[in-house]
Amino acid sequence: MTQRSAILAALAFLMPALVSVFLLRLWPAAVAVNTSLIPPGGGGYSLENFRYIFTDPVFLNSLKVTIVFLLIVNPLQIAISLALALLMNTMVPLIGFWRTVILLPVAIPQSVSAVVWGVALRPDGLVNAVLVALGMEPQRFLTSSDQALASIILIVSWIGVGYWMTFILAGLQDIPKSLYEAVRIDGANRWQQFRFVTLPQLRRPLTFVLVANTVANFLIFAPVQILTAGGPEGSTDLIMNTVYTQAFIISDPESAAASTVVLVGVVLLIVILQFRLMRAEDSNE
Amino acid sequence: MMNDKMSRRTLGAALLVGAGMMTTGTAVFAQDVTINFLSAQRDDIMQPMIKGFEAANPGIKVVHQSVPFNDLNAATESRIGQGDTSIDVLHADTPRIPAFASQGYLLNLDDRRDVIDAAVPNAVDLEQVSYDGSLYAYPMWTSTQLMYFNRDVLEKAGLEMPSGDPEQRLTWEALLDMARTAKDSGIKYGLTFQQVDRYYQLQFLFESNGAGSGLTGDEMLTPTITNDGWIETAKWYGDLYESGLAPRGVTPEQTDDLFINGEVAFMIAGPWAIARYENAADLNYGVAPVPYFEGGKPVTPTGSWSVAINPNSEKKDAARAFAEYISLDPEGAYLSIKNNPNILVNAEAFKNYSADMDGLTDKIGSAIDIISYETKNTAVGRPRSRGFVTFETIMNRTFSDLRNGTDAETALKGAERQLDRALGRIQ
Chain A
1 MTQRSAILAA
11 LAFLMPALVS
21 VFLLRLWPAA
31 VAVNTSLIPP
41 GGGGYSLENF
51 RYIFTDPVFL
61 NSLKVTIVFL
71 LIVNPLQIAI
81 SLALALLMNT
91 MVPLIGFWRT
101 VILLPVAIPQ
111 SVSAVVWGVA
121 LRPDGLVNAV
131 LVALGMEPQR
141 FLTSSDQALA
151 SIILIVSWIG
161 VGYWMTFILA
171 GLQDIPKSLY
181 EAVRIDGANR
191 WQQFRFVTLP
201 QLRRPLTFVL
211 VANTVANFLI
221 FAPVQILTAG
231 GPEGSTDLIM
241 NTVYTQAFII
251 SDPESAAAST
261 VVLVGVVLLI
271 VILQFRLMRA
281 EDSNE
Chain B
1 MMNDKMSRRT
11 LGAALLVGAG
21 MMTTGTAVFA
31 QDVTINFLSA
41 QRDDIMQPMI
51 KGFEAANPGI
61 KVVHQSVPFN
71 DLNAATESRI
81 GQGDTSIDVL
91 HADTPRIPAF
101 ASQGYLLNLD
111 DRRDVIDAAV
121 PNAVDLEQVS
131 YDGSLYAYPM
141 WTSTQLMYFN
151 RDVLEKAGLE
161 MPSGDPEQRL
171 TWEALLDMAR
181 TAKDSGIKYG
191 LTFQQVDRYY
201 QLQFLFESNG
211 AGSGLTGDEM
221 LTPTITNDGW
231 IETAKWYGDL
241 YESGLAPRGV
251 TPEQTDDLFI
261 NGEVAFMIAG
271 PWAIARYENA
281 ADLNYGVAPV
291 PYFEGGKPVT
301 PTGSWSVAIN
311 PNSEKKDAAR
321 AFAEYISLDP
331 EGAYLSIKNN
341 PNILVNAEAF
351 KNYSADMDGL
361 TDKIGSAIDI
371 ISYETKNTAV
381 GRPRSRGFVT
391 FETIMNRTFS
401 DLRNGTDAET
411 ALKGAERQLD
421 RALGRIQ
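Protein sequence lines, in the order shown, are assigned to chains A and B.
Residue numbers are given in the working numbering: position 93 of the first sequence equals residue 93, and the series is strictly consecutive.
Residue numbers are given in the working numbering: position 19 of the second sequence equals residue 19, and the series is strictly consecutive.
With the rest of the complex left out, here is chain B:
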C-alpha cells in the first residue's frame, strides 16, 4: 500500500516534470531547481556555504532543514527510509554511514572516487565515509580533541603550564595529580570532558589503555567490553566522579560554562570550543595535547560530518553540485566552517583554516600544530559497524551509570548482555 502510493506519487512527479520540459524546454527547467538539505546544524552555520553555492550556481536554490542531533537519525530513518524524495542532500555523521549505506539510504559515489581522492588525500578521512569498499558520502570535516587549561587557575595553584608539544604530552596519572592540586587551591572541579558520557569523547581512553574500541568481529557486531582493560578504564572514569574531581549531574551542554567561569582547571574538548572561549573576555586559557595512560599509547578521537545524497532524489545533478561545492571545492569547504571552526579534510581549504588558527598561537599556544599532528598520527575512528548507533546508545547510558557511581564490572557486564541481544537482532 505504502509502496503503491509512493510509486504513484513518483510517477505523478515524473509526468509533471516531463510536461514541464515539453512546454518550457530543459534550459528553463534547470534554472529553477530547489533542493532540500537536511542537517543537525544551526542555520547560521550552514548559510555561508549555501549563499556561496547559490551565488556560484544561479538557478539552484538550497533550502536548509535543521533538526536536533538526536532527531536526525529518526528523520533519516522515517523519511529516506520510507522513500521520501523531498530530501536531496543530507549531512551524515561518519559513524552512522555503515548503517545508512547498508539500508540503501545513501547514494553510492564510487563514480566520483577520482575527484574525491584528489581533494581529500588523507586515507583515514576516506575510510570514514566508506562502507564495504564503496564511498557513500563526501568527506567535509573531521575532528580531534584538545586539552584546554585555565592559565589563571593553574598559576594560582602554583602549577606549571602543560607543554603544547605532542611528544611531551602528559600521562593521565600526572594530569590527575595536577587537577587535584588545582582543586585543592579552591576551585570546584579539577577536570571535565566537554561531552561527558558520550562514546565519541571517551573511546580514546579505552584505546589508549589498549582495551580496544568495544566492538570486534568481521562485521564489528560483537561487543567486547568486559576485558581487564575496559573494566580498569571504566573504573578509572567512575572514580573521577566518585572522588569529586570531575562533576556529576552536569550535561554536555553545561560543561563549557564551567570552564568559562573558571570552575574547572582542565577541559577535554574539540577545537570548535575555541569559538566560544574566544568570546569569553575574562578567560585566560591555553591548549595542550590530550593525555595518555602510562604504558599505553597516545590516541585521539576523530570523525565528524560528511555530506551524502538521497538515492531517491529527483534532482541528483543539482544535489551533486551542491554536495561537491561544500566538500571538494576549496571555496565552498572554507565557507562551511565560517561560523563553526571544524577541521577541514579538503587539503586546499585546510591551508586557510590553518592560517586562521595560527593567529591564535601567541595567545593560547599552537592549536593548529597539535591538530595537524593528532589527525595524522594518533586519530582512531569509531568502529565501522552497522550496529554503531545501538552500540553508542547503550554505551552512552553505561558511561552515565559509571559517572553516577555504578560498579564498573556490573555496569559493563550488564551492557554487554544488552548489546549481545540488540546487535543479535541486526545479524
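One chain only, chain A, in its complex shape:
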C-alpha cells in the first residue's frame, strides 16, 4: 500500500467522525458567530449585539453569578470527590455498597433530582422538618436570594461528586504500591505520603476532572430552569439560563448568539489557563 492510498484509507475511516464534527460542531459554531454579528432587523455586520449584552444588567449579572458559582462549586466538588475517592480506596467493609451509594445520584436524571430536591427544600418541606426536629431554625433555601445559589450548589454537587470520584478513584488505583513502600522506608508519614506520592501521581486524572468539571458546571441549566428560573432577584441566573431565555423565550436570537460566543470564549480561556497551570506544576517537579 502506497503512502497516498494509506492516507486515503485513513481519511475514509475518519470521514464519519470528520463529517459529524463539521455538521454538529463547527457549522453551528460558525452560524452562531455569524448571527452574533448581525443586529436585529438586519443591516450589515456590526458589534451592536455585543454592545447590547454588555450594557444589559441581566447579562452582566448572569456573568457575575456564573463566576461566583464556579469559584465555589469547582473546588468544593473536586475536594469532596478526592476525599471520597481516598475513602473508597481504603479497605472499609462493604466497599462495593458504599461506592454504589455514592455513584447512584449520577444515574438519576438531573431534572428528576432537581424536582425531588425542590420539594424537599420547600419552606414547608422535608429538610426544614428535619432542621426543626433537631432544634434549628427553618431556612428559606430556594426562596431566598441569599440561599438559593447555595441550594443549587448543593443539588448539583449531590449529583456530581460521585461521578467525578470514579475518575479519581481509577487514578488512585493506578498508583504503583512500590512508591508508597519506598517513601515509607524513607520515614514519610500519612500526610507526606499523600502530599508527595498521591497528589503528584493523580495529576493526570485531576487535570481531566478539573477541566471537565469546569465545563460541565458552566453549562448547568436544568436545576436552575426547573427550580428558580434564575431568581430570586437574579441570584441563580447562571449564564445558560440567560442564553436560553434570550433565544427561546423572548425571541432575541441575536443576543443569544452573542452571549454564546462570549460564553465559549470565557470557557476556552479558563480551560487553557487550567491546562497551563497543571503543566507548569509538572515542569517544577
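Rather than coming from a laboratory, the hints here were simulated on the basis of the structure.
Careful: at least some of the hints might be erroneous.
Covered stretches of chain B (in silico footprint by chain A; criterion: 3 or more residues with CB under 8 Å from a CB of chain A, positions within the stretch not fixed) [as the list claims (entries may be wrong)]:
hint, segment
1, 38 to 46
2, 225 to 232
3, 342 to 348
Here are some of the chain B residues that sit facing chain A, going by a computed Cβ distance under 7 Å [said to hold, decoys possible]:
hint, residue
4, 390
5, 393
6, 406
Cβ atoms here follow ideal geometry from the backbone N, Cα and C, with glycine treated the same way.
For chain A, the structure is supplied; the task is to place chain B on it using the hints.
This is chain B only, laid out in the frame that chain A set:
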C-alpha cells in the same frame, strides 16, 4: 444557504407530489394525507377530537406531536420560523398570536371570517385570535377563574360559605379576613393562587385595582408598571406571602394538592381544576366568583388555546378541515374538551358543556352560571402585543421575587427598566 436548501427540498416535495398525482390520480392522493398537529397538551386530551375527525374524514390521518408548554414557543420559533413544512396545524396560545402573526408563522384566515363569526358569536373571543384587524386562528377554548373553597375547613373555622352570586362577590379585604380566621383555626394556609407567579392569573388583581394591564402605547410595547396602583397591588401580593397567609416556595404544579389535602381554605383556579377535584373523594368543596378590590371593579382573566395553520403547510386543505372540525364543528369542539373541561367558545357546543357542568350544581354550587357571567361581563384579556412573551417572562420572574419578599417598588422599577430595554429591541 438555509433558504436555498429549503427551496430545493420544497421543490423536491412538489415534484414528488406531482409525480404521484400523475401516476395514481388525485382521488387516491387525497385518500392518503397525514397531517401533523403540534400542541402543548397531553395526548389523551387531544385523542378524542382526532379520532372523531378521522372517523368523519376517512383518508386523512392526524399525528399529534406534544411538547411541554415552555417548549412550544421554542418549537414554533425554531421549526415554523425556519420554514419547516412538517407541521400543518398548531395549537396557539391566544396572547402569543400577535407575535407569531407579525412574524408570518400563522396563516391569515380572513377568507373564513363568515363561518368563524357564525360559530363563535362572542366578540371578545374573536379579538383573542386577531392581529392588526385580521384573523389568524380558529378560537377553540376560553377560560376564566373561580374561587374554590373547602367547605369542611370553613365550617370548622365557623365561617359562612361565600355566595355563588356574582352580584354578591366578596371584596379581597373581606376574603383575607376569612382566610386569616381559617388559618387560625389550624390549617396551613389561608389562600393560594393555582398558578402562583404567573401573569395570566395575576393580571386581574391589577386590573381590578384600576392599575391597568402593565402595557400601554399604540402597539402595546410601553411598560407601565410603576404607577401607584401597580405598586400598591404588588405590595398586597407580597404581603400575602410575607404574612404566611399564602405559601412560599410552592410551584403551580403543587398547588392543587394543597387544596385537595385540605391544607388551604381558598383557592383561585380555572374551571379545569374541577376535573381533578371531582376525583378527590374526600374533598368537600364549593365554588364562588373571584373577589375584587374595594372601590375597584370585578375583573376576571380570560383567553386560552386556539388552533392555527402553518402557512408553509403543503396540505392546507386537510389542515383546514381538521382545524375547523375541532373549533367550528359542534361535535368536534365538544370532543375537544372530553378529557379536559375547558370552556368552549363554540356557541352550539357550549350548550353541551353547560349541561355537563349543571350536573355538578347540587354539590359545588352553580359553576356554569358564574362562568357564563364572568366570560360575558368581567373578562379582560392579556395585552395584545408583539412583545407579550417578553413581557410575560419578565413579569413572571418579578411576581416570583415579590412572593419571595423583594420590596414592591424596587422589584417593579427593576422590571420596568428591563422591559424598556427588551421591548426596545422589538421596535
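Here is what the structure says about each hint:
no.	hint	in the structure
1	38 to 46	violated (count 0)
2	225 to 232	violated (count 0)
3	342 to 348	violated (count 0)
4	390	holds (4 Å)
5	393	holds (5 Å)
6	406	holds (6 Å)
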